[in-house]
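Working from the sequences, and respecting the hints, build out all of it.
There are 2 protein chains.
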Amino acid sequence: MITDRIRAFLAGERPESPCLVLDREVVREKYLSYARALPNTKVYYAVKANPDPAVLQLLVELGSSFDAAAIAEIGAVIAAGGTPENISYGNTIKKECDIAHAFALGVRLFAVDAVEEVDKVVRAAPGAKVFCRILCDGDGAEWPLSRKCGCDVNMAIEVLEHAHCSGLVAFGVSFHVGSQQLNPEAWDPALHATAHIFRELGERGIDLKLVNLGGGFPARYLKNVPTAAIYGEAITRALQRHFGNRIPQTIIEPGRGLVGDAGVIKAEVVLVSRKSVEDPQRWVYLDLGKFGGLAETMNESIRYPICTARDGDETTPCVVAGPTCDSADVLYEKIPYNLPVSLAAGDEVMIEAAGAYTTTYSSAGFNGFPPLKSYIL
Amino acid sequence: MITDRIRAFLAGERPESPCLVLDREVVREKYLSYARALPNTKVYYAVKANPDPAVLQLLVELGSSFDAAAIAEIGAVIAAGGTPENISYGNTIKKECDIAHAFALGVRLFAVDAVEEVDKVVRAAPGAKVFCRILCDGDGAEWPLSRKCGCDVNMAIEVLEHAHCSGLVAFGVSFHVGSQQLNPEAWDPALHATAHIFRELGERGIDLKLVNLGGGFPARYLKNVPTAAIYGEAITRALQRHFGNRIPQTIIEPGRGLVGDAGVIKAEVVLVSRKSVEDPQRWVYLDLGKFGGLAETMNESIRYPICTARDGDETTPCVVAGPTCDSADVLYEKIPYNLPVSLAAGDEVMIEAAGAYTTTYSSAGFNGFPPLKSYIL
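From first to last, the protein sequence lines stand for chains A and B.
Counting from 91, one number per residue, gives the positions in the first sequence under my numbering.
Counting from 91, one number per residue, gives the positions in the second sequence under my numbering.
Everything labelled a hint here was simulated from the structure, so no lab data went into it.
None of the values given here were measured: they were computed from a predicted structure.
Check each hint, because a few of them may be wrong.
[Said to hold, decoys possible] Here are the computed lysine to aspartate or glutamate pairs in the EDC-like style, where the Cα-Cα straight-line distance is at most 20 Å:
hint : chain 1 : residue 1 : chain 2 : residue 2
1    : B       : K132      : B       : D94
2    : A       : K365      : B       : E251
3    : B       : K365      : A       : D242
4    : B       : K424      : A       : D227
5    : A       : K313      : A       : D242
6    : A       : K219      : A       : E175
[What the hints assert, rightly or not] From chain B, some residues computed to sit far from chain A (all C-beta separations above 10 Å):
hint : residue
7    : D94
8    : A101
9    : Q147
10   : E175
11   : N176
12   : A283
13   : K299
14   : P316
15   : T317
16   : F456
Backbone N, C-alpha and C fix where the C-beta goes; we use that ideal spot for every residue, glycine too.
Given below as structure tokens:
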């Protein structure tokens, strides 16, 4: 979606390519749509999706809370006017000195998935609240979910009991159904497991309070995606199914779901060529690729809409690649991308739904290309 | 390899983790070993491997030439005292304005792999020398080689003839046998194809002068690798086999081969945990991962030596992962990594042979983690 404000900015300012242009009005709409879809659930924006100060300021104004992955993100939220009580340090992998630093800043809510991590929180943030992340299978998600963060249900019970016995507040359970999760029912099995943990710990005299429903809310790439309302209904049904009339506090952590659709990358075609005279397949090289902001094309996971001024002309399937010398800097090849046959070097292209996981993912200077610039409207 | 100078620096300065420490004495030795191994071949350092000004200055002093991937790299070489005549703009994917900029700076040698790119050079760098890159299969290389850069032999002949007819100097042929190429004979089939192009164009009255033998020279990760001398002998034999007594000018473009072994990343264990009580496999989380400098662990391609102060203790296979919340930030899982059972959070680890493709590949700030710091000795 290229909003009128983005169009006007690009036409008026003609910023150098490549760059991201993000319209905060879209972020506002998305925030409000999730807040409405889950009225009893607090929104913790996943800062890692786009930590631009102007984005954070808007979300502070809207009353959002924040999920931070590292100390720098906590600092950025506070600098944008956010309060530490509204920040969750949601990374399960934290240096003890960073936990202490966050605690000193006023953060009181921490993610854990192991007794070893609990012990760090006990030492560095005495009395803090912790929630334990459990593993999810990630079925239905377009960005692959690994077993990296989270533990199994039995271990989560041990971890939370250990936290309770060590003087922390065993506060709840979190999970992540996988980024760009297109199945609104994906929360159901995770909530089934979560309710089991609540019951087990309840029997041990530990009353958990919080279910962190995580992220997974999608941006609209090439396919239509369910609305916030549909996610809200499915999640509410699943909460009722598994918790009956004792639904706990809930939070969601949308990142991509709030900022993805708000941004457009203006890019340029650098070269259109073929590998041999006989080969009909064109290679289209853009002025940014996997190392310049489009890291989520890894394994061709995220398929961005690419618009050109030649749209409407005949198209053929192309390989799409970035501008570096790196052989891995190929965006779409296994499933080639249909682009106009008239496309030529120098043409401007618009990469839509690029507001999430682009500026921060871009390399510090690989091949001499600077990080992706961004303009926030 | 952790040199005495690196050890002394780490012991004396105790820099914050993670950071890269690179010993330029190793770069000097490597440069001289390749210069000796191929005495009639000019060394063009592949700047993208590590563009630190101190590395570039040393190589200027040693008389190296430079392979640049982008305008910023050309600027960095000139700022380090290099002369534009000793720079090859080796990226086959260049904006026309960047070609013009390089030409204005005095660069006269450009890579191409398509007539469309030749036409840009004709307009932006009239009279310049061009070499055409041909495709290689990359067998034997540890970093995957795609079809991204280069064209087939018949198209290369067309491209070079087109350059000649358009007023450029059709100067030669380049290829890349694949990064971290462990087979010194890999240059042979590419030189066979190159000699064919030289003959074909010779028959059309176009005398090519240059064979750009590319990079591919290895760093020493976990396996032993052939010496520079062995590569030199194999390449010399292949040149003689295919060019007889009319061996053309040759250049090599080592990047990893010069700086890889010179650098060590000091890192720290952030967490050692398991996913369930029954699961014997430990997960070891470091304070940098795929987005903090170790991008070459993509698909577990490059397997870095990891040394700890616990080496000698019993080891078991672990999953090794980075510190971000990203599920893709896992370094070694398909083939787990043996690490000491005594390893614990807070332990320092040394990631060896990390001088190439680390600082520049690191993200601009993903998850709030800053780019990898480096110290050049």
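Going down the list of hints, with the structure as the test:
| no. | hint | in the structure |
| --- | --- | --- |
| 1 | B:K132 / B:D94 | violated, 30 Å |
| 2 | A:K365 / B:E251 | holds, 16 Å |
| 3 | B:K365 / A:D242 | holds, 6 Å |
| 4 | B:K424 / A:D227 | holds, 18 Å |
| 5 | A:K313 / A:D242 | violated, 33 Å |
| 6 | A:K219 / A:E175 | holds, 11 Å |
| 7 | D94 | holds, 29 Å |
| 8 | A101 | holds, 21 Å |
| 9 | Q147 | holds, 17 Å |
| 10 | E175 | holds, 19 Å |
| 11 | N176 | holds, 17 Å |
| 12 | A283 | holds, 13 Å |
| 13 | K299 | holds, 23 Å |
| 14 | P316 | holds, 22 Å |
| 15 | T317 | holds, 25 Å |
| 16 | F456 | violated, 5 Å |
Hint compliance for this structure: hints 1, 5, 16 are not met, and every other hint is.
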